[in-house]
Amino acid sequence: MSYKFDFSFLAERWPDFVAGAWLTVQLTVVSIALGLLVGTVCALIKVYGTRWMRAPVGVYVELIRNTPLLVQIFIVYFGLSSLGLKLSAEVSAVIALVVNMGAYTTEIMRAGIQSIQRTQLEAADCLGLTRLQTILHVVLLPAMERVYPALTSQFVLLMLASSITSQISAEELTATANLVQSDTYRSFEVYIVVAVVYLALSFLYRFGFWLIGLMLFQRRRKLGTAL
Amino acid sequence: MPAAEAPIVQIEDVVKEFGPLRVLDGVGFTVARGQVAAIVGRSGSGKSTLLRCIAGLETVQAGSIAVCGHDVGRPGSAARAQLRRDVGMVFQSYNLFPHLTVERNITLALTLVKKQSRDEANAKAAEVLAMVGLTDKRTAYPEQLSGGQQQRVAIARSLALQPQVMLFDEVTSALDPELTAEVLAVMEDLARRGMTMITVTHEMGFARRVADLVVFMHKGKVWEIGPTAELFARPKTAEFSQFVASEL
Amino acid sequence: MIQLNANHFIYLLQAATWTLLLSLIAFAGGSIVGLAVALLRVSRVAALRAIAGGYIQLVQGTPLLIILFLSYFGLGIMGYKLVPIVAAGLSLTLYAAAFLGEIWRGCIEAVPRTQWEASDCLGLNRLQQYAYVVLPQAVKLAIPPTVGFMVQIVKNTSLASVIGFVELARAGQIVNNSTFEPFVIFIVVAAIYFAMCYPLSLAARALERKAHAGR
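Protein chains in written order, with my numbering: chain A, 1 to 227; chain B, 1001 to 1248; chain C, 2001 to 2215.
In case anyone wonders, no lab produced these hints; they're calculated from the structure.
Treat the hints loosely; a few may be bogus.
As the list claims (entries may be wrong) - Lysine-lysine pairs mimicking PhoX-like chemistry, simulated, CA-CA at most 25 Å apart:
id: 1; chain 1: B; residue 1: Lys1219; chain 2: B; residue 2: Lys1236
id: 2; chain 1: B; residue 1: Lys1124; chain 2: B; residue 2: Lys1114
id: 3; chain 1: C; residue 1: Lys2140; chain 2: A; residue 2: Lys46
id: 4; chain 1: B; residue 1: Lys1236; chain 2: B; residue 2: Lys1221
id: 5; chain 1: A; residue 1: Lys4; chain 2: C; residue 2: Lys2210
id: 6; chain 1: C; residue 1: Lys2081; chain 2: C; residue 2: Lys2140
As the list claims (entries may be wrong) - Selected chain A positions facing chain C (Cβ under 10 Å, derived; list incomplete):
id: 7; residue: Leu37
id: 8; residue: Thr67
id: 9; residue: Val194
Ideal Cβ positions, reconstructed from N, Cα and C, are used throughout, including at glycine.
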């Protein structure tokens, strides 16, 4: 192989990568938070809602989970734009990622919420707690604790999937890679660097979620046992 | 001992069905303030179902149940909210909230429902924990406690809301004999302090010692009812005689 | 600007067949490599376990898009110019192998210890234990999640559009470039993907329920 590896572009272009990575983090943190909210509400509807409420949620979940994220992003960015709703690449990216995240989170949270036994709800009812209070104080945190590994895996997957938003010119990390490699012709090196950055971000995210878990789930922190 | 005033719990002609199965077939009796009523009977006689109907956890198809003069009401109604204030329920499987400490289990309803401040709620929690003898377990989590201790916390949790009536649904059935005694001691103490109690139980010794009123249920009906001593001394029906004999 | 007509729809359907073809290539390649990865992951040799583990971590921690770019632009610059379908097939194979390897490792480990012990007592060597006792049971456990993962493969073929391979998503972009009706076009594209994926999702769930009922 006569190819000479040349990473010298990094000396000059590293701020671009940092900027790209930072946008990736911003896009995904917002999408994860909103997506979790959407997914939790939909999961509550699926478990406690009436049939008329459950059906649209079910349709939403199946539609999103059986179509590619790339096409969903195109519909939001190009499709809505042609209907007159012109959104920026970043806003479109967040909308598409939130809608996508919401569907996958719904299924995960649904499993968690269903694992809370009916007797817990009865006890809360007998103490006089309203439905909402029961959900907020008795159901949600234990449910999330039970499915936390699956949730955090999904969050990391979303961060990696955000690379797809480069296709609508969101200037995140992958788009930065495309730009730099077209300038420097060092395609292999550039993409290797970006792959390493994504790997680093994956570890960072997992560590961050682990810390958040420690804060949220006090019982687990103190006793170390599973719920 | 029973006071001469309007009954605190009034059950009239209650019918409860689960699909085609009729579990309660015209049940009716009253409990006065300060009385301890023991509901006994074989499995399937409908005793737990009756208790759950009084607690508002099941709806009845016919008849009425009134607590402190108010009907138990439908979920979400003002009558139901009143029922929750008047009635405390202790379950066979304790149903403590596993992700909260003992103290928080007790103060949760105090802060959310009674709108007390954290300090007020914590003070009340300390008071009821002292009554059940578990002051040192204030910051423990349910899984760190024995079954008997968890049940005593469950009793404290209901007690903190200062109900007019407390319902006990076979609260010692899931416990080993040694742990059963500590829970029964707490219940006896409550009775001495004048709490109106309705308890579904298999503990005949407890019923004889503490209950003022015994309700024997059979096939979804109130088969025999009366003051404790009299009922056990002179059973009127063959079924009750057999039941008492089998429980000894 | 051309009006949208039935020919465009037929063009999309034809592209969908390329989606299915690429999916099959990815699944076939991913299965072969994935099986090797799974077996390495349960190997008694720590170094082999580490290699397979490292591979899985690497692939699962990198966006598929980057893997595609590396195999098309990256290798291209190095002198290995792959045509889009080969680059896409290679990338999706590497991607699928990592995930299938993890799924199948879980299934192999889910076969009860007692099966190993019983077959060992009967005198079978390790290869025979795998071939006749453990793998057949692992395969049964593996069917529902594998069918579920096939849905992911079909959806991920859409990324091959980015390196120019004309599958369904790319065909949608091409039609859009001449008719400028992105909303309708991409909704139709989504519908075609749905028609391909939903039956697989249903099948995976049905298989999962059957597997649980049998226990």
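These are the hints, each one checked on the structure:
The straight-line distance between the Cα atoms of lysine 1219 of chain B and lysine 1236 of chain B is roughly 17 Å, inside the 25 Å bound, and the hint therefore holds. The hinted pair formed by lysine 1124 of chain B and lysine 1114 of chain B meets the criterion: a straight-line CA distance of about 12 Å does not exceed 25 Å. At most 25 Å may separate the alpha-carbon atoms for a hinted pair to count; lysine 2140 of chain C and lysine 46 of chain A exceed this at roughly 30 Å. Annotation: proposed proximity of lysine 1236 of chain B to lysine 1221 of chain B holds, straight-line Cα distance about 15 Å (limit 25 Å).
A threshold of 25 Å between alpha carbons decides the hint, and for lysine 4 of chain A with lysine 2210 of chain C the separation of about 55 Å lies outside it, so the pair is violated. Distance hint between lysine 2081 of chain C and lysine 2140 of chain C is unfulfilled; the C-alpha atoms sit about 40 Å from each other, more than 25 Å. Interface restraint check for leucine 37 of chain A: the shortest CB-CB distance to chain C comes to about 24 Å, outside 10 Å, so the restraint is violated. For the restraint placing threonine 67 of chain A at the interface with chain C, the shortest Cβ-Cβ distance is roughly 4 Å, inside the 10 Å limit, so the hint holds.
The beta carbon of valine 194 of chain A is positioned within 10 Å of a beta carbon in chain C (closest approach about 6 Å), and the interface hint is therefore held.
Taken one by one, the earlier hints fail for this structure at numbers 3, 5, 6 and 7, listed in ascending order.
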